[in-house]
Amino acid sequence: MVYRFLTALGRIVFSLLGLKVEGLENLPATGPVIVAANHVSNWDPIVIAIALNRPIHFMGKVQLFKYRPLASLFRALNAFPVRAGMADRSAIRQALKVLECGQVLGIFPEGRRNRSGALLAEPGVVLIALRSGAPILPVACLGTQYRWPWGWGRPLRVHIGQPYCLLNSLGRTSRIADMEEPSRDLMRKIRELYDQSRENAFAHGGG
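Residue numbering for the sequence shown follows this note's numbering, beginning at 380 and increasing consecutively.
If you are wondering where the hints come from, they were derived from the structure by calculation, not from laboratory data.
Calculated lysine-lysine pairs in the DSSO-like style (CA-CA distance at most 27 Å, straight line):
id : residue 1 : residue 2
1  : K476      : K445
2  : K568      : K440
3  : K568      : K399
4  : K476      : K440
Full structure from sequences and hints, please.
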């Protein structure tokens, strides 16, 4: 209820700010999906949730859940905590449960905000994809790092790529070494979407 209300309100506000969404047709209408996106701003999960027309269960760093009022809000928005930089089995179980229920899981593979453009992924997203068999949907956010308000010559875009499945090539391996190349490949896909979105934005005068 809270999620639907806030995302509906957000769509109105962000449409006025010039948010453009590319590739929405690539989002499967039903079934489990792992949305994997770059992370340059705290606005990223909000903008992605507004851009996609399915509810998303985001994994968020555990520090965001330390304060009870904020934790209650985040949980009402379908988010749940994860300890970055370590194998958080509880978070992985929760992620798998989301996917088993045929819902959308949102992950920032880098595990933290990164504005450098040097996209490096933690193995968690690949591990979850392999264990669940759910397709990965690469997504790129452009412009969320700029200060509010957007819209004055600053592009604000979400570019959604083609979903793909890892089970076809890797089976259900759990070796970290086997996850390195798929993790790099995922971030390459996100970077390509980011670059394409940036090119499209400035080809249309920055909007």
